[in-house]
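Novice: Since the structure of chain W is provided, determine the placement of chain Z on it from the hints.
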Amino acid sequence: MNGFINATQAQGIRDIPIVLPQTELRRNSAIVVQSFEVEAGERVKLKWLGMQILQQLANEDNTKVTTAFKSVYLGIWSGMEGLARPAGAPIMRVGSDVPSFKSINPYYVREFTAPDHYQVILVNNTLGNDYDVVVTGVLRLEDDA
Amino acid sequence: MSFINQQTLNDQLDLPITLPRTSLEPNDDLVVSVFELDESTQQLTFKAVQLHAFLRDPDDASTPSKVDAAKGSLYFGVYKNDDTSPVLNSTIIVGPTSTFTPPETQELANELVVNGPSSGSDRYTMKVVNNTTNLRIEATLTGTVRIDLNAA
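Keeping their order, the protein sequence lines are chains W and Z. Quick note: the working numbering has the first sequence finishing at residue 148, numbered continuously throughout. Quick note: the working numbering has the second sequence finishing at residue 189, numbered continuously throughout.
Hints are computed from structural coordinates only; laboratory data are not their basis. All the pointers check out, no bait thrown in.
These stretches of chain Z come out as covered by chain W in the derived footprint (C-beta under 8 Å, 3 or more residues): (1) 50-58; (2) 63-72.
Under the rule of at most 25 Å between Cα atoms (straight-line distance), these lysine-lysine pairs were calculated in the PhoX-like manner: (3) W/48 to Z/84; (4) Z/117 to W/105; (5) W/105 to Z/164; (6) Z/117 to Z/84.
Here the structure is a predicted model, which means the values were calculated and not measured. We put the beta carbon where it would ideally sit given N, CA and C, even for glycine.
Bound conformation, chain W alone (with noise of 0.2 Å):
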């Protein structure tokens, strides 16, 4: 649809954010950076998602919990209300195993449709590393008319 916005479906529309400061993400931890729920009727989209590992505080043990992870992770997982720490392959990830920047691509919007409870968790996923950590995003929540 590329027609003009009316008001109604303006109101429809809202941005939530996505925010984690700074933060010391130690060694096989996790950290439920958001959490939201889809209501039959509803869209959400991941408009923007971007973790930065600032840097490594400790590097005592390189070894992975989830071999084909990064060792920091930042995913989507769904049906986990009530857990703190993620299980199973999310919907989508990205992570790195170095201080550096990742994110994903903005043009390729992902749509959460389906009812149910979705979790954003960002994974330290070594035994034995402690990282300084900062993510920034935000979803977008529509109405459907």
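Specialist: Structure of chain Z alone, referenced to chain W:
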């Protein structure tokens, strides 16, 4: 004034710049957000950013001892790539004079517009900085930056 269409709305989003009340030790800084622009058509616009200093410790009339005398006791800045000085006009200064008596609030005085690079990528880091060597400061930052993925 033209109308907004769906595509224009899809290309514009408001990214958060937020710091909950946080204690900053002397000569310490905290990264609040990081964005990366990698297209010349992308544009960041900083419009609404407020920096709040809640308290200083010790809470007396002593003059802050500053790391950078040209800046305030507490400040917010936008840093491009590995620059050690913030982007011009991005600095929000709290406690600019010799006295610093929280609670104090300052906001971005002028709109700051940043355009994407013609090649490669530019990383923009937003920091809150305790510019003193003798004070612990508790502060929050509230703001938003608009990114246009296809600025004209």
